[in-house]
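So the chains spell out like this:
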Amino acid sequence: MPLVEIRGLTFCRGNRTIFDGIDLDIPQGKVTAIMGPSGTGKTTLLRLIGGQLRPQEGTIHVDGQNVSTLSRGDLYQLRKRMGMLFQSGALLTDMSVYDNVAFPLREHTELSASMIRHLVLMKLESVGLRGARQLMPSELSGGMARRVALARAITLDPMMIMYDEPFTGQDPISMGVIVSLIRKLNDAMGLSSIVVSHDVAEAASIADLIYVISNGKVVESGSPEQLKCSESPWVQQFMKGEPDGPVPFHFAAKDYVDDLLGDVSDV
Amino acid sequence: MFNKLQALGRSGILAIERLGRGHIFFWQLLKALPTVIVRFPLLIQQLFAVGVLSFLIIFVSGLFVGMVLGLQGYNTLVDFGAEESLGVMVALSLVRELGPVVTALLFAGRAGSALTAEIGLMKATEQLSGMEMMAVDPIKRIVAPRFWAGVISMPLLAAIFSAIGVVGGYLVGVGLLGIDGGAFWSQMQPRVDLSEDILNGVIKSVVFGVVVTWIAVYEGYDATPTSEGVSRATTRTVVHSALAVLGLDFILTALMFGE
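Chains as they are written, first to last, in the working numbering: chain V, 76 to 342; chain W, 45 to 303.
Since the hints were made in silico from the structure, they are not lab data.
We put the CB at the ideal spot given by N, CA and C, even for glycine.
Take these hints with a grain of salt, some might be off.
As the list claims (entries may be wrong) - A few chain W residues that don't get close to chain V, going by computed Cβ distances all over 12 Å:
id, residue
1, A51
2, L77
3, L100
4, I101
5, V122
6, R185
7, I186
8, I204
9, L243
Said to hold, decoys possible - Straight line, CA to CA, 20 Å or less: simulated SDA-like cross-link-like pairs of lysine to any residue:
id, chain 1, residue 1, chain 2, residue 2
10, V, K329, V, D341
11, V, K105, V, G139
12, V, K155, W, I204
13, V, K155, W, A179
14, V, K155, W, I183
15, V, K105, V, P233
16, W, K75, V, H136
17, V, K105, V, Y151
18, V, K155, W, E170
19, V, K292, V, G89
20, V, K155, W, D181
21, V, K292, V, W309
22, V, K155, W, S173
With these hints in hand, go ahead and build the complete structure from the sequences.
Okay, here's the thing in structure tokens:
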């Protein structure tokens with residue numbers, strides 16, 4: 076049974092349909108990548124899974140529970156078993172690295188200060204930032220901030236972690252560190268990971284399963300190898316990062332020559 | 045024509061929706077009081093940020109307002125040979141009106157705008173969403189301690205403003221203009237009534253504290269999560285708070301002191 080089971084999910088913002096009846100399964104213990112061009116609703120999908128948004132139609136079951144019908148209390152109980160890594164890191168800016176990682180433990184447990192210290196140092200050690208525990212978020216680089224956020228996300232030993240664009244804006248070393256951490260933490264802690272990204276090479280290098288989403292539909296799914304051999308020209312264009320193809324380089328416009336020779340007032 | 049009507053209707057619906065959300069938000073803040081009491085250190089932190097850090101501006105403003113009242117009051121009262129009633133005039137002006145109103149206006153500018161900007165920026169940088177995903181309610185953890193700190197701070201700051209204002213009036217009236225110090229205080233003592241004047245002033249400052257802090261935290265929480273959105277929300281906090289304080293002051297004064 077999949078950890079996350081999405082059936083007939085429809086979600087709209089105003090008149091714009093973000094998801095149009097999509098079905099999607101996130102298996103347990105695997106790294107699943109959700110890929111697609113910018114603006115296709117990948118982050119929205121994570122927010123729907125986390126219960127921060129509610130779908131107009133369809134169901135989202137996480138560990139057998141229908142997220143959109145849960146009470147606030149039950150949803151919060153479920154979220155204690157879900158970690159989320161935001162694109163910005165979302166660290167609390169008035170707290171040090173140590174306090175940020177200790178935050179979920181202090182909020183949800185009655186553990187002693189010494190036990191919290193042990194757990195925090197262990198989590199920081201796992202992301203390589205035990206030595207940075209006194210720093211404030213403003214003193215961290217983008218890559219370090221995400222690693223701290225990752226340590227915070229695993230503090231309560233969740234069953235799954237959702238990564239929102241974890242590779243965006245990272246230098247090659249930071250990117251390599253995060254790629255490796257996602258895979259290692261998933262395997263070492265027995266997690267299930269959902270990685271939302273449009274960085275094809277990095278996501279494909281660690282994913283067991285990839286879903287490609289566009290225009291509110293799941294265009295293709297399968298292992299990275301299967302997608303590389305896909306016959307869909309759209310998937311091929313996306314996987315290879317070609318500038319023109321089924322997704323045109325040019326925004327829809329009237330004929331170029333007619334436009335150049337047209338009326339000066341038509342701007 | 046039709047489009048304009050449509051736009052007018054739409055903005056009306058949006059305004060009513062926003063008002064409704066604001067009232068639900070207010071109810072959530074009230075419900076969060078037990079959590080705030082249990083987590084007292086969070087409240088103490090915010091009392092410092094909201095109240096103690098506003099002390100200086102309240103102290104200095106109160107002193108100058110009291111000194112101006114002393115000067116203007118003396119110039120008026122001396123024509124009637126009633127300059128020894130200056131203490132009464134200064135004290136009643138401050139405890140009934142200027143203390144609560146000017147404190148609320150200063151509070152909106154100093155602490156209210158800071159609250160809106162802080163909460164708005166936390167929203168823009170996904171800190172509030174991050175808390176929600178960690179199963180921590182941001183209204184209980186972040187917003188409610190700030191709200192209740194504002195409600196508690198306002199009457200205390202208004203009391204300080206009025207007290208310092210009276211001292212300012214004394215410095216000008218007695219120290220500068222030569223009124224008898226004994227008359228300044230002795231006339232004030234029987235004429236300033238505890239329930240009629242001081243208690244009503246305290247009630248006003250509590251009402252202003254609730255309204256100004258509610259506006260400030262709601263504007264931050266409801267801000268569009270962009271730099272422009274936070275900037276607009278901060279401006280709205282100051283403008284709406286000032287209008288609400290002045291409007292409510294008239295209503296409360298009419299209810300308390302109207303015949």
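Hint-by-hint comparison with the structure:
1. Taking the minimum C-beta to C-beta distance to chain V, about 16 Å, the non-interface status of A51 (chain W) holds against the 12 Å cut.
2. Residue-level check passed: L77 (chain W) sits 18 Å from the nearest beta carbon of chain V, beyond 12 Å.
3. Remark: the non-interface label on L100 (chain W) is consistent with the geometry, its nearest Cβ contact in chain V lying 22 Å away (cut-off 12 Å).
4. In this structure I101 (chain W) is separated from chain V by more than 12 Å, as the shortest Cβ-Cβ distance comes to about 22 Å.
5. Every beta carbon of chain V lies more than 12 Å from that of V122 (chain W), the smallest distance being close to 54 Å; the non-interface claim holds.
6. Not every beta carbon of chain V lies more than 12 Å from that of R185 (chain W), the smallest distance being close to 8 Å; the non-interface claim is violated.
7. The beta carbon of I186 (chain W) sits about 9 Å from the closest Cβ of chain V, which is not more than 12 Å, so the claim that it is off the interface is violated.
8. Separation of I204 (chain W) from chain V is adequate, the least Cβ-Cβ distance of about 27 Å exceeding the 12 Å criterion.
9. Here L243 (chain W) stays apart from chain V, with its beta-carbon at least about 38 Å from theirs, past the 12 Å limit.
10. Distance hint between K329 (chain V) and D341 (chain V) is fulfilled; the C-alpha atoms sit about 12 Å from each other, no more than 20 Å.
11. Distance restraint check for K105 (chain V) and G139 (chain V): the Cα-Cα separation of roughly 17 Å lies within the 20 Å cut-off, and the hinted pair is therefore satisfied.
12. Simply put, K155 (chain V) and I204 (chain W) have alpha-carbon atoms about 45 Å apart, too far for the 20 Å limit, and the pair is violated.
13. At most 20 Å may separate the alpha-carbon atoms for a hinted pair to count; K155 (chain V) and A179 (chain W) meet this at roughly 6 Å.
14. For the hint pairing K155 (chain V) with I183 (chain W), the CA-to-CA distance comes to about 18 Å; that is within 20 Å, so the pair holds.
15. Restraint check for K105 (chain V) and P233 (chain V): the C-alpha separation of about 14 Å stays at or below 20 Å, so the hint holds.
16. Note on K75 (chain W) and H136 (chain V): the hinted pairing is violated, with a Cα-Cα distance of about 31 Å set against a maximum of 20 Å.
17. Of the pairs offered as hints, the one joining K105 (chain V) and Y151 (chain V) is violated, with about 24 Å between alpha carbons and a cut-off of 20 Å exceeded.
18. Between K155 (chain V) and E170 (chain W), the direct Cα distance comes to roughly 18 Å. Compliance with the 20 Å bound is thereby established for this hinted pair.
19. A C-alpha spacing of about 18 Å is found between K292 (chain V) and G89 (chain V), which places the hinted pair at or below 20 Å, so the restraint holds.
20. For the given pair, K155 (chain V) sits about 12 Å from D181 (chain W) by alpha-carbon distance, which is consistent with the 20 Å threshold.
21. The hinted pair formed by K292 (chain V) and W309 (chain V) meets the criterion: a straight-line CA distance of about 13 Å does not exceed 20 Å.
22. Annotation: proposed proximity of K155 (chain V) to S173 (chain W) holds, straight-line Cα distance about 14 Å (limit 20 Å).
Taken one by one, the earlier hints fail for this structure at numbers 6, 7, 12, 16 and 17, listed in ascending order.
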